[in-house]
Structures are given as structure tokens and as C-alpha cells.
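Those sequence lines, one after another, are chains A and B.
No gaps in the numbering here: position 234 of the first sequence is 638 in our numbering, and each next residue is one more.
No gaps in the numbering here: position 10 of the second sequence is 16 in our numbering, and each next residue is one more.
Treat the hints as calculated values from the structure; they're not laboratory data.
Beta carbons: idealized from backbone N, C-alpha and C, even for Gly.
One thing to keep in mind: the hints can contain errors.
Taking CB as the label site, the calculated pair distances span [said to hold, decoys possible]:
| # | chain 1 | residue 1 | chain 2 | residue 2 | range |
| --- | --- | --- | --- | --- | --- |
| 1 | A | Thr482 | B | Leu268 | 44 to 50 Å |
| 2 | A | His547 | B | Ser69 | 32 to 38 Å |
| 3 | B | Ser66 | A | Thr482 | 58 to 64 Å |
| 4 | A | Asp501 | B | Gly72 | 34 to 40 Å |
| 5 | B | Leu268 | A | Thr511 | 40 to 46 Å |
| 6 | A | Pro701 | B | Ala12 | 56 to 62 Å |
| 7 | A | Glu470 | B | Leu300 | 49 to 55 Å |
| 8 | A | Arg668 | B | Glu139 | 27 to 33 Å |
| 9 | A | Ser420 | B | Pro280 | 47 to 53 Å |
In silico negatives: residues of chain A with every beta carbon more than 12 Å from chain B [to be verified]:
| # | residue |
| --- | --- |
| 10 | Ser425 |
| 11 | Gln441 |
| 12 | Pro508 |
| 13 | Gln699 |
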Amino acid sequence: MSENVLEVRQLKKYFSLPRSSGGSVRAVDGVDLTIGQGEVVGLVGESGSGKSTVGKCIVRLLEPTEGTIRLHGRDITTASRRQLRGVRTEMQMVFQDPYSTLNPRMTIGDIVAEPMQLHRLARGRELDTKVAGLLDKVGLASHLRHRYPHELSGGQRQRAGLARSLSVEPSLLVADEPVSALDVSVQAAVLNLLMDLQRDMGFSCLFIGHDLATVEFLCDRVAVMYLGRIVEEVNTTDLFRAPKHPYTQSLLSAAVVPDPKLQRTRQRIVLQGDIPSPINPPTGCTFHTRCPVAQLPLCSDTSPTLTDVTGRSHLASCHLITADGTAPDVTLSQTTENAWSKT
Amino acid sequence: MTPRLAVKDLSVRFGTDEGEILAVDRMSFSVEPGEVLALVGESGCGKSVTAMSVLRLLPSIASVSGSILLDDTELTTLSAAEMREVRGRDISMIFQEPMTSLNPSFTIGFQIGEVLRRHEGMSRRQARERAIELLELVRMPAPRSRVDEYPHQLSGGMRQRVMIAMAVACSPKVLIADEPTTALDVTIQAQILDILRDLRERVGTSIVLITHDLGVVADIADRVEVMYAGHKVESGPVDDLFENPQHPYTVGLLGAVPRPDLAGGIQVRLQEIPGLVPVLRSEPEACVFAPRCLRATTECREAMPPLELLQPRQHAACFHPGSRVADYSEGVSA
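For reference, chain B alone in the conformation it holds in the complex:
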């Protein structure tokens, strides 16, 4: 199958007063039609920057290189006007903060309808009717009366539903969801995840899900890409990656989540990953995770491990791969 979206060798640099920052370094990934791909990592790993660069939403201080193919269209060379046609119609995005991504001075019906008027040439009346249908689709209670309300009149969960309604208005090929449930309660999170699942199944939308919540990944993703300091450190199908993680960062992330259900009621210490995600100034010459890695050896500090196929469908960039949790916590630093 040809991928719906193929990102190849994407690098993003930011020019700042304190010099250049390398936010994403030679990142490649692809999403098939109807697939849910999760980009996982902690704050500062470059997940959101990757997503923003696909939609070309980064500020002008960012310089982006690499290729982004949507079906057969190279997005990086499109003009601003051509890109506007793509946004909202072919690729759309849900942001983490539904509070700040809606315009407070327009009704939600107007904002959802705007997408339809712009891309589908609908009249105001048609767009309003379709907006009501979309609100129903995202399970907004009382859509016919809610459609004329303003964002401040809605709860956080309802605002996120409005964001999703806007994003799916034109049945996009790709939906990028940046931490879509992070600010929400678990019961609302479950509703939103169900809506995304339905969307994938009924419309065949490919979803790029950006999250740090491994539970959400386990729930909805087909494949996972783990990012660390702007680099892909591991990727693979969700089942394999959770069952048999290879990169010590992935092992650490999975061990950091409390799993009292596994411990049989005994309190077990959580895995800690000492240190912080580094800010890269230039292309690194050694493994980016080595300073925080207890498996790191001289080799890791001198060369950059390539992304290698370790399991049938699982890649990791590590000289000492393996899912051993014990040696990570005991420490085998050379």
C-alpha cells in the first residue's frame, strides 16, 4: 500500500538569540490510509514541532528541510495559497488547548461552518445545517441549540468536540491530533477516543496522534514512533513495542507509569530516568540519550547508533537494545 502521508528526513531548526536550536533531526515516518500512528515522547522531544511542520504552521524563525508527501503532492514546495487549500480539507489538526484554539468572538456554528464555506463553497445556511450534523457526529448534547453558542459557554470536553467537528468537517485524509485528550477528564477522554476510532473506521482518515500518555497509545494506536530530543529512537507496531521495547528510553517510559495491576498489590518503585531532555544545537555525533542512559558505553558517547531493524517490524537506534528492565535500573554503565 502506498502511504497516505510520507515524511522523509525532516529537520527543523530554530534561529534564536542564543544561537541555532535543532528541534527535529532527520525524522522520517509514514502513515497508511486509515492507520493511527502515535508519536510518543516527553515535552521537548520535538513531537509537536514535527506535526506543525507537516501543516507548515511553524513561525518564520524555523527552517525546515526534508520532504513531506501527501499522496503524490509534495507539501514543502507548495505556495502559501496552495497550502491553504490543503489545510482543513486534506490535512487538519486538533490542538491540545481547546480553550485557546477557538475564536471567542464567533459562535461555534460559524467557526465549524467557515471550513465548509471556504473549502466546499457552501452557503451560510448549508454550512450551519452541516455544522449541526457534525456536532451530532461528535456527540455534542443538544447540537441544534449549542450551534449558536460561543466557546466560553462550553465545557472543556465540549470545546474539544467542537475542535474535532471543525477538523473532520471536510473528511480529511489525515488528521493530526496533538495531545487531544491531555486536558480532559478520563470519562471525557474515553468519549473523545471513541469518536476518533469511529472517524478512522467510517471515513478512513489516517490519524497522527501526538501524546505522552502511553495508555492512550495502547488504546488507539496501530503503530508507534518514539521520539527523543528530535530523533526517532524506536518504532514498531503497538503490540510489539509495548511487549518487547528495545530502546532504553522506551523501556524507561513504560516503566515510569504506575502499574499497580501488575504488581499484585505490592508497591514497586517506578522507573526513573534521571536528567533532562537535552536541547540540541547541532547535529549530534553521539547517541542523544547516552547522557541519561545506564546502558551507555564508550561506543554510545562516540558514535550515533543507526536506526536498525531488530524485530520483524520493529526499529531502534541503540547499540545495546533489549527490553531488560532490570539492567536498566541496576545500572551497567561502563
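Next comes chain A alone, as it looks inside the complex:
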């Protein structure tokens, strides 16, 4: 086993609230995450689960409140801005919105060249060749290098963003919902591209997303987040075939499949309510307020720990998973509540 590219230990990020209310938003509340060489790890969860905050802390766009982040074994949690410069050639980020992440006053060619200039990786003719090569690699026609971002479509902009991030040949790419803003057919093209680039260049990738099919398509391993914590983490096959945590089971059953016959015969669990506020998260297991199988007071009193439940690196944090790895089946608990009968 080669050394890990990224090691995150007990990462916490609290945002303090304005004076009067005191308190803080516990966006990330103790996350451990490891990414190996060339591994693609998915981080999924609903909005407000803290998945983007984890990504931003890793690339140090946000200052972690607690915990350590190691890149190739080197602690970068408190690295200064100057020290971070060197680190940035090792890790790069791709953002969700291809409209606001490219400087509108620079041409595509300049945007892609800028990281290499800043890090003094290439200049002059060499830089020119590299930019041309990168544009070609991400499937952008060479004449587009003289264009401005507003002249490009969403898919082309996302390709330009990828070319910029990959220009410094990072060993870790943090991709925060890179295809969520794109149309289906464009999404397919960008996902194919990301898969090809990863295979050719061999970088490790943290893929943050909410679309489960996309994550399943792209990732080797998946971590599921709920209210700032990882509740389940395992290789992609096991997560989708045999999810253990009731939240993962619910999430998977709520996702829609583009196949009418399958979709209409699937066992569905519809979670009630919204994700609770991270300002005042529920006690015990934070999922107990929405969990269809929660056993009170056990689940509301004690917080479960993330442990290997099968002995095959299948991590889950739930009191109800037994020692032999048997998980509670949330589909059995479903009560068919009917809102219309009330009127």
C-alpha cells in the first residue's frame, strides 16, 4: 500500500454567529477522511451536510477550527500563505459554478496559463505549447484560447476550469459539484472527460456531489455525510448494494432512476422533514429526529461512533447495526401516512 495522498483527522469547522445569538454553526464536526494514490473518493450528502465545507478546508480556502490535514504526510493545517503556495501545485479545486469561477477579463488561454506562470513552471514558447496541449486534453478547440469566458457555453467553461486546475499537475483534485450546473448531455461529456483525465494523469480526487448516480459512476469509495459528520463510508459497490446506515438507505431509496418500471416498483422510504439546523444539532445520533427506525432513548442519548461493521472496511455509525454487521432495514418501518385524509 502506497502512502496516502490525503489524510484528514478530526476536522472541525465552526462558524461563529453574530454577537447576540452567541453559539456557532457546526458545519463540520469531526471528519476523518483518507484518500490513497489515484483513488477517487465521493463525498455525498444533502445541502447543509457540510460536504463543501470539508472540501474548502482541505484546500485551505477556509481555516479549519480543529483537526489536522496532511497532504503526502505533511501537515498543512496551519501552513502560512507563503507555505501554501508550494502546496497549491499539489492540490487544486474545481468549482460548481462555471460562470463565476473564471475571470471575465482574461482570455481562456491566459486563465489556463496563469497557474503555471505563478508557480514558474513554464514560460515563453513552452508555456504556449503547454496551454495548447491542455486545451486539447480537455476537448476545447484551439481557437477558443483567445476567447473570453462569456463567449463559452457552460460545458466549455467547466472544461476550461478543469484545464486550469490540472495545469500544475496536482496529485489531488477537489471537485465540488463540478457537473451540477450543467445540462444532462453536457454533464455526460464532462463526467466522461473527468474519468478519462483521472485515468490518464492518475491524480487522486475528492468528488463532492449530491447526485448518487454520478458518484456511483465515478468513485471508488464513497463517504456519506449528515450534519457535519460522516455516517457511512465504504467502497462504492458495497455502499450501493448493501448500505448499512438508515440515512444512506433512505438517501438511496429517494434517488430516482430513469426507468419507469423499476422506479415504480422500488421500495421507497420518504424521510419526513428537513435536515435539522447545525446551530443546534439534535443530541445523540444527529439523524434520530428523521430516522425511521430510531430507538429512543438510546439514539437520542448517546452519539454512535463510526466503526467498521463488517470487518471489511465498511464504516458506519449507528447503534442499531449488530456486531455481525446486520443493519436495520428501514423499509420495514415505513408507515404510510396519508396527508390528504386529514382534509
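With the hints as your guide, set chain B onto chain A.
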């Protein structure tokens, strides 16, 4: 059965500084009572414009032609005052952005009640009580206290529930839902789809669902109309269309969605549809999809394929129909 809503030969043109744009071209569709019809396509295909023109909500730069029949009423010739009676009572709409379609300076109870006071002549007190019932109906937690809250105090999912409560307040005959779950998380999406399903079953409301999410279509729609560049390119019952799509655009859309559950754990490349949806300036003389279509032949570039019945209930506008995925990706361009 007579359709509840019948749209015939609807064309929408926008006069812009750069000349005329043809957003919807001779689009026809109908919805039966209690039916869920999905209008599917990518951004710029004319789905939302079609919906807006049914409710006559388009700006004045749009010129609309064709016929829109709600039961026996021709909507296109109604006066503005008559149209106001139809909106919210007979046909209502849910918009994609629940954040921007609620008025930030009124409570949600007031906004839901407004529909009832306007159309049903209810008093403020009656309207407030009914608003609470409606909030319960859309499964809003703690409706009695939420009714006096303002939109900014609610989450995205709750705001969408308020939008639905407003839209169904008068038990409309037709509900137009424009990407009702696009901005929401999957667990909330499942709740909203359940509410729409209930509404259809209990009230018999016909639903026109506009979406690009084929999973949502598979979940709730009875029939599907696929739109491309302002044109209907394929239509049919949801099962047939998903199982045996005929138009290469439909085939492409279905192939573009990751389906790892089918691949048996093997990574398969997704279908790509190269190119972009074109902006039409005038009525096209050739197939609108031909420039992006790998099946396209000379015939496709010279004539517009008519919408033909290919399967018992399935229509497609294509000279080379068929559900073959392989030849689409391999390319058979002549």
C-alpha cells in the same frame, strides 16, 4: 375522453434587438383529467416558454399563435380580466425558484390566502384557516405556527411546499409544474413528488410537469413529450418511450444519465451529444437535430421530418428512427 387541456399549433416568437427568435414552433399536446404529462428537454428547448404561454405570462415582446383550449374555453382570446379568473383557479403554476416566486414582505399565510380571497371570496379569517389546512396537506411541519412566518424563515423545501399550497388552494383543473424539484435535495424531492401524486389521485388535477430529470419523469409521468429547439421530437407513454425510444435525441438523453446499476459495476462511458441546442430565427426547413445527430443523412439536412406514429402510441419526428444506442455512438453519418 376529452382532454382537459389541449394545445394546438402553438408558436412563440420573441422580437429581440438581434432579430426574431422562434422559441416554440407548432407545438401540440393535450392532457387528460388526472394525467401527468412530462415536457422533457434541455435548457433552451422551449419547455418553460410553452408553459408560460399557456398561462399567458410571457412578456409583451412575445407573439403567440395557435390554440389553447381548457375544456371548452379558448384561452388565447380571453381578455386580461377573464384570464385573471382562470389563473390560480383553473390553471396554476409552480415555479422552479421558490426563493424568488414568493413575496418577501408578506407572511406565507397571507400569500396562500390571497388566492382564496380573490377566487373564492373568503374572508381573511376563513382564508387563514384554509391556508393552515393547505400547509398541512403539503406536509409542512407545525403549520399553525408556520402560517405567520415570512419566506426567508423557511428552507428551500418548505418554500416549495408553500408554492404548491398556493397552487392547489382552489383545486385547479391543471397544474403546471416547472422544474418543481430541481433546486431540492433528493429526500425533499421524494416528498414533493409524493404530494403531487396525492394531488393527482385525490383531486384529479392534470399535471404538466416540465423537467430535464428523466428520473423524475420515470417516477411520476404517464406520458412524455420530448422537446428539442422548440419542436416536439418524440412523444409517447412513459413506459414505451423509456424502453424503446425512437428519436436519436431521446436515445441520447437517456444514454447520458449514469446508470451504474445496469453496468454491473463496470464503468461504461456515458453517451455524449456533441454541440449545443440551436437558436432558431425562422421556421426550419430541415431537421432541427440534424447538426448534432450522428444518424443524419442528406435527407435530414434538406427536409423536416414529420411527426409520425411509429409504435401504437408513440410518435417521433425522425427519418431514421430506432432505439439503437450503438449506431448512435459509433456514428453512421453519411
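Taking the hints in turn, this is what the structure says about them:
1. A/Thr482 <-> B/Leu268: 44 to 50 Å: holds (47 Å)
2. A/His547 <-> B/Ser69: 32 to 38 Å: The hint (32 to 38 Å, Cβ to Cβ) holds, given that A/His547 and B/Ser69 are roughly 37 Å apart.
3. B/Ser66 <-> A/Thr482: 58 to 64 Å: Holds, since B/Ser66 and A/Thr482 (Cβ atoms, about 59 Å apart) stay within the stated range.
4. A/Asp501 <-> B/Gly72: 34 to 40 Å: The hint (34 to 40 Å, Cβ to Cβ) holds, given that A/Asp501 and B/Gly72 are roughly 37 Å apart.
5. B/Leu268 <-> A/Thr511: 40 to 46 Å: Taking Cβ atoms as reference, B/Leu268 and A/Thr511 lie about 42 Å apart, which means the hint holds.
6. A/Pro701 <-> B/Ala12: 56 to 62 Å: holds (58 Å)
7. A/Glu470 <-> B/Leu300: 49 to 55 Å: Holds, since A/Glu470 and B/Leu300 (Cβ atoms, about 54 Å apart) stay within the stated range.
8. A/Arg668 <-> B/Glu139: 27 to 33 Å: Since the Cβ atoms of A/Arg668 and B/Glu139 sit about 30 Å apart, the hinted range of 27 to 33 Å holds.
9. A/Ser420 <-> B/Pro280: 47 to 53 Å: Since the Cβ atoms of A/Ser420 and B/Pro280 sit about 49 Å apart, the hinted range of 47 to 53 Å holds.
10. Ser425: At about 15 Å from chain B, A/Ser425 clears the 12 Å cut-off, so the statement holds.
11. Gln441: Nearest chain B Cβ is 19 Å from A/Gln441, so the label holds.
12. Pro508: holds (20 Å)
13. Gln699: holds (21 Å)
This entry satisfies every hint, going by the numbered hints stated previously.
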